[in-house]
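Asker: Sequence:
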Amino acid sequence: MKLPLKGIIPPMVTPLSEAQTLDCKGLKNLIEHLLEGGVSGIFLLGTNGEGPSLSYALRKQLISEACNIVDKRVPVLVGITDTSFGGSLEIAHHAQRAGADALVVAPPYYFPLSEKEIIDYFRALAPLLPLPFLIYNIPSCTKLNLSPKTVKSVKELGAIGVKDSSGDEAMLYAFIEAFKDTPDFSVIVGNELFLSNAVLEGGHGAVAGGANVFPKLFVALYEASLSKDKQRITKIQKVILRMHDTIYKVEDSPTRSIKAIKCALSIMGICEDHMAAPLFRLNGNRRSKIEGYLQEFESVTHIRSPL
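Just so it is clear: in the sequence shown, position 305 is 305 by our numbering, and no numbers are missing.
In short, the hints are calculated from the structure, not lab data. Incorrect hints may appear among the rest.
Below 20 Å or equal to it, Euclidean Cα-Cα: the simulated EDC-like pairs (lysine to aspartate or glutamate) are [unchecked claim]:
1. 6 to 177
2. 6 to 184
3. 72 to 117
4. 143 to 168
5. 6 to 223
6. 143 to 115
Pairwise CB distance ranges (calculated) [claimed, not checked]:
7. 157 to 72: 21 to 31 Å
8. 90 to 249: 29 to 39 Å
9. 32 to 123: 32 to 42 Å
10. 244 to 89: 34 to 44 Å
Every residue, glycine too, gets a C-beta built ideally from N, C-alpha and C.
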C-alpha cells in the first residue's frame, strides 16, 4: 500500500439479504462495479456500510469475503469504530488476518470525551493495532469534533491519515494546512461535495458515498481536479449536485442518502437493498422516483471521457 492514500475510496454499502445475511453475489457484483469504475480503494464498515449496526460475525464475514474478491487489486480499508475497546481490536485483528491493508477508527461514540481522553484512548489503542490506521472525524455520529491539534497527536502515535466527515469546509482546510508538510499523511474528505476543492487545495481524495453508484463519475472529478481542468470540474459537479437534489432527497430523514444509494444499486441489479435495523429500505413511490432519476443520469455517469 503506497502512502499517502489517494483518489476515490468508496465507503462501500454492505449488501444484505432479506434474512439479514450477507448478499454474497451482490457483494461480488458491487466490488467488480467499483473496481471497473477505477476507484483507488474500498472502505468497508463505514457509515454507508452500516458498520455499527452489524453483528461481529457479519462484519468478519464481509471483511473476509471482500478481501478475497478484491485480491489486492486496490487497498481495502476496514472501519473498526466501536463503543468497545476490545471489539475494535477484535475486528482489527480479523481484518489483518483476512488481508486488509488499513483500518479506519473514530473515537468511541457513546460517552462524551475531552481532548485528553481522546488522545489517551488512541495512545492505548494504537500500539495494539495490527495494521496502519486513519483517524476518522465524524462529529455527527460521535458528538466529538477532532481538531488538527488532536489529529497531530494521533499522527505521532502512528496514524497515516485523517478522514474528515465534519461537513465543515473550514475544518477540512485546517487539516490540509496542518499536514501540508507531511507528504505521507493523507487528508481524505468524507463530504463528496467538497471533493474538488479539497484536491485543489492539497487534499488527497474522497470517501464518496455516491461512488457506490457512479464510481466513474467521481473518479473523473478527482482526475479533473488533479489536472485543474476547471471547465470539466464545473460540468461534473453539476451532475453530482443534481444527484444530491434528486436521488438523495426522495425522503426526508437524516439517513436518506444511505438508503437511496442502496436502493439505486438494487434497481441497477448490482445487489439487494435490505438495510440493517434500525434502518429500512425504500420502496413504493420512493423507489420509483429513484428509478426515474437513474434513467436521467444514465447518459452522463457511465463514461470517463469528457462529459
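Asker: Work down the list of hints and note, for each, if the structure agrees.
Answerer: Right, here's what the structure says about each hint:
1. 6 to 177: Distance ~17 Å between residue 6 and residue 177 Cα, so the pair holds.
2. 6 to 184: Given that 20 Å is the threshold and the Cα spacing comes to 10 Å, the pair holds.
3. 72 to 117: violated, 36 Å
4. 143 to 168: holds, 14 Å
5. 6 to 223: holds, 11 Å
6. 143 to 115: At roughly 12 Å apart (the allowed maximum being 20 Å), residue 115 and residue 143 satisfy the hint.
7. 157 to 72: 21 to 31 Å: holds, 27 Å
8. 90 to 249: 29 to 39 Å: holds, 37 Å
9. 32 to 123: 32 to 42 Å: holds, 40 Å
10. 244 to 89: 34 to 44 Å: holds, 37 Å
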